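K.L.:
Each chain, written out:
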Amino acid sequence: MHAQVLPLTDDPLVIAGRSYRSRLLTGTGKYRDLDETRRATEAAGAEIVTVAIRRTNIGQDPNQPNLLDVLPPERYTILPNTAGCYTAEDAVRTCRLARELLDGHRLVKLEVLGDQKTLFPDVVQTLKAAEQLVAEGFQVMVYTSDDPILARRLEEIGCVAVMPLAAPIGSGLGIQNRYNLLEIVENAKVPVLVDAGVGTASDAAIAMELGCDGVLMNTAIAGARDPVLMAHAMKLAVEAGRAAFRAGRIPRKRYASASSPLDGII
Amino acid sequence: MQILLNGNPRECADGTTVALLLEEAGYGGRRVAVEVNREIVPRSLHTKYVLAENDRVEIVHAIGGG
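Those protein sequences? They're chains A and B, same order as listed.
Mapped onto the working numbering, the consecutive letters of the first sequence carry residue numbers 1355 to 1620.
Mapped onto the working numbering, the consecutive letters of the second sequence carry residue numbers 267 to 332.
Isolated chain A (complex conformation):
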C-alpha cells in the first residue's frame, strides 16, 4: 500500500491570477555583468525578476546590451520596483513610468524607504502610495516591515502580495522575527513573500517552512562568492522549505522518543 502523497509539482504560486512554478523571485542588481545576471537568474529558476527604473545615461552607447535583452519580458515576468523612492509621490511616478516602459504592465513592487541607514520602509508613505496605485489599476506587491497589523491593512487596500522584510535590505541577517512572519502568514489571504534580509540557503528554507508563499532576494545571490552556485542553492532551499511546510513537521519535544521499536528487544 502506498501512502497518499500530496502532488509534488502541482503547487503553483498564484499572484494576481497568474500561476508560477517557482517560489523564488530574484533581483537583478549588483551582478558583475549582464551575463552573470542571466546565468544566476536561470540557476535560481526564477520566473519573476525585479528591475529598477532609472534615467538612461545620455551620451553612452545606447546599443550596449540592455537588461531586458538578456531577461526578455516574453520569458520572465518583469517586476519593476520603486527602489530609491522616499515619498509616495516618487513611488507612484516611478510605477507610471514602468507601466509606460513595459507596455501597460500593471504588476509592480512598491517600496518606499524611510532612511538610508536602515532602508526600513516608511510605512505611512507606503500605505499612501499603495492606495493611489491600486486606484490607478496597478497590481501592487508591497515591501513592508514585519508588522502583522500593517500587513493586514495593505491587504485590505488591495495589494496582491505582501512582502515583509526578514531583516534589513542587503544585511544577510536572516529571519529575525519568525513569530511576526508566522502571524502575517496565518492572517493573510494574499501571498506573503519574504523580501529582504536573507543571507544564505537555510534562511530561505526557514521562511518557506514558516508558510511563506515565496522569497524575494538579490544580495544573497549576487553578493555570494559564486553567485550562480548560490542561486542554485537558493532554488533548492526554497523548494525544500516549501515541501517541508506542506509535509508538516513533527512537533518539538523536550525528551527523546526512540526510532526503533521497543518490542522484541533481545
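Treat the hints as calculated values from the structure; they're not laboratory data.
Computed from a predicted model, the values in this text were never measured in an experiment.
There's no promise every hint is true.
What the hints assert, rightly or not - Pairwise CB distance ranges (calculated): (1) A:Glu1510 x B:Arg304: 55 to 61 Å; (2) A:Ala1370 x B:Thr313: 30 to 36 Å; (3) A:Tyr1440 x B:Leu311: 29 to 35 Å; (4) B:Ala318 x A:Thr1472: 39 to 45 Å; (5) A:Ala1489 x B:Glu290: 33 to 39 Å; (6) B:Arg322 x A:Leu1583: 41 to 47 Å; (7) B:Ala318 x A:Ala1594: 54 to 60 Å; (8) A:Glu1510 x B:Gly295: 42 to 48 Å; (9) B:Arg304 x A:Glu1390: 31 to 37 Å; (10) B:Pro275 x A:Thr1472: 32 to 38 Å; (11) B:Arg304 x A:Gly1512: 22 to 28 Å.
Backbone N, C-alpha and C define an ideal beta-carbon position, used for all residues, glycine too.
With chain A's structure known, arrange chain B on it following the hints.
P.N.:
Chain B alone, transformed into the frame defined by chain A:
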C-alpha cells in the same frame, strides 16, 4: 532652444518632437519611457509631441535592481 534632458541642459532645434529627440540621443527603437515636465508622454504620441523651451525631459529604462 534649450531643454533639460535627464537633468542636463541640451540644445535642440525648434519644433523638435519627442521622437526626434529620442532619435538624436540614440534611443530610436529602444525600449525607453519618456516624461516631459513630470507627465508621461505615451509612445503613441512621441511623433506628435513637440517640445518647448525649458521643458524638463526624462528618458528612463530598466536596469538591474532588487
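K.L.:
If a hint holds in the structure, say so; if it does not, say that too.
P.N.:
To see whether the hints hold, each was checked on the structure:
no., hint, verdict
1, A:Glu1510 x B:Arg304: 55 to 61 Å, "violated, 30 Å"
2, A:Ala1370 x B:Thr313: 30 to 36 Å, "holds, 33 Å"
3, A:Tyr1440 x B:Leu311: 29 to 35 Å, "holds, 30 Å"
4, B:Ala318 x A:Thr1472: 39 to 45 Å, "holds, 42 Å"
5, A:Ala1489 x B:Glu290: 33 to 39 Å, "holds, 37 Å"
6, B:Arg322 x A:Leu1583: 41 to 47 Å, "holds, 45 Å"
7, B:Ala318 x A:Ala1594: 54 to 60 Å, "holds, 59 Å"
8, A:Glu1510 x B:Gly295: 42 to 48 Å, "holds, 43 Å"
9, B:Arg304 x A:Glu1390: 31 to 37 Å, "holds, 35 Å"
10, B:Pro275 x A:Thr1472: 32 to 38 Å, "holds, 36 Å"
11, B:Arg304 x A:Gly1512: 22 to 28 Å, "holds, 25 Å"
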